[in-house]
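Peer 1: Below, each chain spelled out in residue letters.
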Amino acid sequence: MIAESMYQELILEHYKHPQGRGLRDPYDAEVHHVNPTCGDEITLRVKLGDGGKVEDVSYDGQGCSISQAAASVLHELTAGSTVDETLAVVEEFTRLMQSRGQVEADEDVLGDAVAFAGVAKFPARVKCALLAWMAYKDAVVRSST
Amino acid sequence: MIAESMYQELILEHYKHPQGRGLRDPYDAEVHHVNPTCGDEITLRVKLGDGGKVEDVSYDGQGCSISQAAASVLHELTAGSTVDETLAVVEEFTRLMQSRGQVEADEDVLGDAVAFAGVAKFPARVKCALLAWMAYKDAVVRSST
Amino acid sequence: MNTGFDVERIRKDFPVLSRELPGGRPLVYLDSGNSAQKPTQVIDVMREHLAMHYSNVGRAMHALGAESTEAYENARDKVAAFIGAPSRDEVVFTKNASEALNLVAYGFGNPTNDDPRFRLGPGDEIVISEMEHHSNIVPWQLLAQRTGATLKWFSVTDEGRLDLSNLEELVTERTKIVSIVHQSNVLGTVNPVAEVLARVRQVGALMMLDASQSVPHQQVDVAALGVDFLAFTGHKVVGPSGIGVLWGRGELLEAMPPFMGGGEMIEAVWMDHSTYAPAPHKFEAGTPPIVEAIGLGAAVDYLSAIGMDAIVQHERELTGYALGALGEVPGLRVIGPESLDRRGGTVSFTLEGIHPHDVGQILDDNFGVAVRVGHHCARPLHLRFGIPATTRASFYLYNTPAEIDALVRGLHHVQKVFA
Amino acid sequence: MNTGFDVERIRKDFPVLSRELPGGRPLVYLDSGNSAQKPTQVIDVMREHLAMHYSNVGRAMHALGAESTEAYENARDKVAAFIGAPSRDEVVFTKNASEALNLVAYGFGNPTNDDPRFRLGPGDEIVISEMEHHSNIVPWQLLAQRTGATLKWFSVTDEGRLDLSNLEELVTERTKIVSIVHQSNVLGTVNPVAEVLARVRQVGALMMLDASQSVPHQQVDVAALGVDFLAFTGHKVVGPSGIGVLWGRGELLEAMPPFMGGGEMIEAVWMDHSTYAPAPHKFEAGTPPIVEAIGLGAAVDYLSAIGMDAIVQHERELTGYALGALGEVPGLRVIGPESLDRRGGTVSFTLEGIHPHDVGQILDDNFGVAVRVGHHCARPLHLRFGIPATTRASFYLYNTPAEIDALVRGLHHVQKVFA
Ligand SMILES: Cc1ncc(COP(=O)(O)O)c(C=O)c1O
Ligand SMILES: Cc1ncc(COP(=O)(O)O)c(C=O)c1O
Numbered sequence: 001m002i003a004e005s006m007y008q009e010l011i012l013e014h015y016k017h018p019q020g021r022g023l024r025d026p027y028d029a030e031v032h033h034v035n036p037t038c039g040d041e042i043t044l045r046v047k048l049g050d051g052g053k054v055e056d057v058s059y060d061g062q063g064c065s066i067s068q069a070a071a072s073v074l075h076e077l078t079a080g081s082t083v084d085e086t087l088a089v090v091e092e093f094t095r096l097m098q099s100r101g102q103v104e105a106d107e108d109v110l111g112d113a114v115a116f117a118g119v120a121k122f123p124a125r126v127k128c129a130l131l132a133w134m135a136y137k138d139a140v141v142r143s144s145t
Numbered sequence: 001m002i003a004e005s006m007y008q009e010l011i012l013e014h015y016k017h018p019q020g021r022g023l024r025d026p027y028d029a030e031v032h033h034v035n036p037t038c039g040d041e042i043t044l045r046v047k048l049g050d051g052g053k054v055e056d057v058s059y060d061g062q063g064c065s066i067s068q069a070a071a072s073v074l075h076e077l078t079a080g081s082t083v084d085e086t087l088a089v090v091e092e093f094t095r096l097m098q099s100r101g102q103v104e105a106d107e108d109v110l111g112d113a114v115a116f117a118g119v120a121k122f123p124a125r126v127k128c129a130l131l132a133w134m135a136y137k138d139a140v141v142r143s144s145t
Numbered sequence: 001m002n003t004g005f006d007v008e009r010i011r012k013d014f015p016v017l018s019r020e021l022p023g024g025r026p027l028v029y030l031d032s033g034n035s036a037q038k039p040t041q042v043i044d045v046m047r048e049h050l051a052m053h054y055s056n057v058g059r060a061m062h063a064l065g066a067e068s069t070e071a072y073e074n075a076r077d078k079v080a081a082f083i084g085a086p087s088r089d090e091v092v093f094t095k096n097a098s099e100a101l102n103l104v105a106y107g108f109g110n111p112t113n114d115d116p117r118f119r120l121g122p123g124d125e126i127v128i129s130e131m132e133h134h135s136n137i138v139p140w141q142l143l144a145q146r147t148g149a150t151l152k153w154f155s156v157t158d159e160g161r162l163d164l165s166n167l168e169e170l171v172t173e174r175t176k177i178v179s180i181v182h183q184s185n186v187l188g189t190v191n192p193v194a195e196v197l198a199r200v201r202q203v204g205a206l207m208m209l210d211a212s213q214s215v216p217h218q219q220v221d222v223a224a225l226g227v228d229f230l231a232f233t234g235h236k237v238v239g240p241s242g243i244g245v246l247w248g249r250g251e252l253l254e255a256m257p258p259f260m261g262g263g264e265m266i267e268a269v270w271m272d273h274s275t276y277a278p279a280p281h282k283f284e285a286g287t288p289p290i291v292e293a294i295g296l297g298a299a300v301d302y303l304s305a306i307g308m309d310a311i312v313q314h315e316r317e318l319t320g321y322a323l324g325a326l327g328e329v330p331g332l333r334v335i336g337p338e339s340l341d342r343r344g345g346t347v348s349f350t351l352e353g354i355h356p357h358d359v360g361q362i363l364d365d366n367f368g369v370a371v372r373v374g375h376h377c378a379r380p381l382h383l384r385f386g387i388p389a390t391t392r393a394s395f396y397l398y399n400t401p402a403e404i405d406a407l408v409r410g411l412h413h414v415q416k417v418f419a
Numbered sequence: 001m002n003t004g005f006d007v008e009r010i011r012k013d014f015p016v017l018s019r020e021l022p023g024g025r026p027l028v029y030l031d032s033g034n035s036a037q038k039p040t041q042v043i044d045v046m047r048e049h050l051a052m053h054y055s056n057v058g059r060a061m062h063a064l065g066a067e068s069t070e071a072y073e074n075a076r077d078k079v080a081a082f083i084g085a086p087s088r089d090e091v092v093f094t095k096n097a098s099e100a101l102n103l104v105a106y107g108f109g110n111p112t113n114d115d116p117r118f119r120l121g122p123g124d125e126i127v128i129s130e131m132e133h134h135s136n137i138v139p140w141q142l143l144a145q146r147t148g149a150t151l152k153w154f155s156v157t158d159e160g161r162l163d164l165s166n167l168e169e170l171v172t173e174r175t176k177i178v179s180i181v182h183q184s185n186v187l188g189t190v191n192p193v194a195e196v197l198a199r200v201r202q203v204g205a206l207m208m209l210d211a212s213q214s215v216p217h218q219q220v221d222v223a224a225l226g227v228d229f230l231a232f233t234g235h236k237v238v239g240p241s242g243i244g245v246l247w248g249r250g251e252l253l254e255a256m257p258p259f260m261g262g263g264e265m266i267e268a269v270w271m272d273h274s275t276y277a278p279a280p281h282k283f284e285a286g287t288p289p290i291v292e293a294i295g296l297g298a299a300v301d302y303l304s305a306i307g308m309d310a311i312v313q314h315e316r317e318l319t320g321y322a323l324g325a326l327g328e329v330p331g332l333r334v335i336g337p338e339s340l341d342r343r344g345g346t347v348s349f350t351l352e353g354i355h356p357h358d359v360g361q362i363l364d365d366n367f368g369v370a371v372r373v374g375h376h377c378a379r380p381l382h383l384r385f386g387i388p389a390t391t392r393a394s395f396y397l398y399n400t401p402a403e404i405d406a407l408v409r410g411l412h413h414v415q416k417v418f419a
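Chains as they are written, first to last, in UniProt numbering: chain A, 1 to 145; chain B, 1 to 145; chain C, 1 to 419; chain D, 1 to 419.
Derived by calculation from the structure, the hints in this document are not laboratory data. Glycine is no exception: its CB is placed at the ideal position from the N, C-alpha and C atoms. Be a bit skeptical, because a hint or two may be false.
[As the list claims (entries may be wrong)] Below, computed lysine to aspartate or glutamate pairings styled on DMTMM-like, alpha-carbon distance capped at 25 Å: (1) A:K121 x D:E67; (2) A:K127 x C:D405; (3) C:K12 x C:D405; (4) A:K121 x D:D365; (5) B:K47 x B:E30; (6) B:K121 x D:E267; (7) C:K12 x D:D77; (8) A:K121 x C:D405; (9) B:K121 x D:E20; (10) A:K127 x C:D301; (11) A:K16 x A:E41; (12) B:K127 x D:E20; (13) C:K416 x B:E30; (14) C:K12 x B:E30; (15) A:K121 x A:D108; (16) A:K127 x A:D50.
[As the list claims (entries may be wrong)] So, partial list: chain D residues that the calculated Cβ filter (under 10 Å) puts toward chain B: (17) D6; (18) G65; (19) E267; (20) M271; (21) H273.
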């Protein structure tokens, strides 16, 4: 179900109680992404394990609840998954965010991240939601090369 | 009375039978004016006499009926008048033309030239109507100095 | 007419067409080449947006801001689809075609940009043609004057065709950009884009098309055309005033310096420097013509629903009819192609011994026939034909053969008045 | 409120104000600093013109052309009167304030122009301020980059005032132009024009005023101000999008090179050179935003009929009320003057620990309160205050104290959500 409001309980929950926040060692790659239009920023580290598993995604940053909650949800979704699995989610999430509200969210793929569907209608907030996810994609690329 | 149509009988009459057309000697000043937007042109000569009288206004040119008729009417109005009298008419004519149809024409001052009142509503034609008159004003200035 | 195209139904969409002019004249509008009339479908969308959904776009995050932004960006999607743009981000909204042409002209010879394709200075050449609208002449003159580059041009044949006989001398290794009109606003001529483009590609130059008169009247597909830039204007495609379109290849838009600076075209601003948003926003400084873009979106929807093919067919029949009927007016000389071959529904002509200004005025005064008279912003083309001005009748989807009859009747009357 | 000013009657003129947002929320529009809503009086004039009187202006000589031209040029008269322009020919229609600012910036440093006032190169200086909107920053940055001139700026005090303490060092014999905002779109601050202008005149420079936020909210008289150029934008004065105004002294407009080239801005065109129409047409290349200018004319008529004095008084009362009410919200910090002294009805603030994007979104989602959040196209000003963004409430003639109460209630709720 597409959210009516942007502030789903789940988003606020993640914002107030971010999961996996804080930068941790060891890591394979660290990236720093900024959303220049609103000043939101994130530093994100990725540690990959055997069999294409994501071992840890740790992060720190500042910004609005959407960008912060998105990082927390990302952390949860990646934990214990393979890189390939997570990249599929990133792709679906990006598609949803860039749809300007014209696309149905695929809850099977997105899991909790479906809570961000309401954000897609607000072009200015889409970048907030994507900030951590784009940073993650970037970090994964750097880890694997 | 403000003309409904631009093509008053009087204008067509002057266009088909222009008064005083042709360049004549002697003259005190000759000017050549062009309306670059529509290509209308006029060459106009002025001969002044004693007591500030206008002795002759002669002209030649090409263009639409409005610009040609305006020269003919000008010729008639200036004949036998003083420079001061004619400049007063030029001024009133200019005011009328630039009024965009918002001003009542003063027939007492303008005489036959009142037939051009309908032109004032067509900014693109105003320049046609004014071509000869501006040339005349210019030529008078040059004659007196 | 028998095209499954119901002109009487279409005319009902355009309120002004049932208007009486002062003095009880009906309106016979044959001046769509100058600007097209607007259907209720466009007017209502604009009114509704202004009344109920308006706010600034992009920057506003509230409900109205979202509605306005969505409507504005949807208009971009519609326009992109209408002209076959490979990407919506290649569609830049400007205020008219002139701004689109100037935007590209200002992209060249900017000292802050070092992409070689846009470098321009003495020794470099710009090529246009003698049949251009002033809006595709003056921007390049100004550019040449600012940079010291040389402006060259194709001439026009007596039949009103682009003279390509010296294509190879004209377009050379020194050429940086060739910008020509797709369909002439005076002659009606449709130019052979592919032939010119082949040479442009050979010498590694860029090519721009002024499609102000083609986008309204034929299915234009930028990908199929293969040019680099294309400009058109909203008010000629039954859209509102105040909106135009520049389409440009994404990688070129990216390589170009910004034109105007301001809100919405930036990524981040410091006092001493800025970074810019990607295209199209990089070229949309300040609050854009929001409601106008939305109106343009409604306009292309309207045309698409009728079908560009049907419109082409209708105009073709009208033009054939007009060329025939005008050909019988004594002393009338058509300036431009006299057959239907590679020409659109714009017919310019002279009437022997009668100035076009007088023709136009009497047509209007006595018959409510609205044509355009003068040089139609193409003075050099008129100089080429040795005439100061022409009378131009231009047709669109809502015109009828009866209106062409009214024009012809009017011309006979004009000849009587000035007999 | 007791000013002979009936806000409830005024609200009825603006259809959107009685709209329900999705979810049954009423609309509380506190974002007029971003863009104002439109009264029926403006919408109807535009609709009527589009439906019944539209055609291109200037160039068309038929009945519709005359009607459109008259309406368009009447709009110029109205705007000229509204801002006290000594001559209607000093009023140039642009697409927005940003174009007006860029137009003037492009007037400098053009190698084809040798008027010393507009010559610009290394060693010459441009002065702006830290409180400018991006539209009054980026055009000057681009100009400085193109020409090698130096860009300097006034800083802003902690109270949100222009810091004039170094006026004499900043504005010197090297200064060619000083361009500052009349009323800040973030702080609400109204700047001391006369003080800056006195120094500008001393050094023989020119001065431009970005009046985008003052023309809608006070009686602006360009003659009384005494500056050289002034820009504002139609959509903030209850007018349509797609239209802006540059006012410039006649002799300066005459001395400047053209900006864009195209139809209507010319006198005569040959293939190799052109001559230009006098201002304002020289700066209006191509088909102008016709219906938009006409809508702007209706907008200034509307404001004049109500009276700018009454509007000022109304906004003053609202602003006083807002500053008081917001002052009681815990953790709220106003960025800008906290008293009514030399400030307009724009109040920006931060809420401790809560990002403005969240503030704005919840105000909208839960209460239909539309405010603007972000840097409001004034990023350097936010950098100056060390904050990434603010929440901004901006008032206009149609706002009420009850709407400010709704804002305050909303803020309390925001604090609860994020507690
Ligand atoms: C102070 C100021 N200057 C310039 C502008 C730019 O106006 P526009 O976006 O209409 O060009 C604005 C509004 O956006 C403004 O508030
Ligand atoms: C061929 C051509 N190019 C350019 C233009 C300029 O369009 P606009 O005046 O909308 O900028 C026009 C129409 O005026 C035109 O017919």
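Peer 1: So which hints don't hold here, by number, going up?
Peer 2: The structure conflicts with hints 1, 2, 7, 8, 9, 10, 12, 13, 14, 16, 17, 20 and 21, although it agrees with all the remaining ones.
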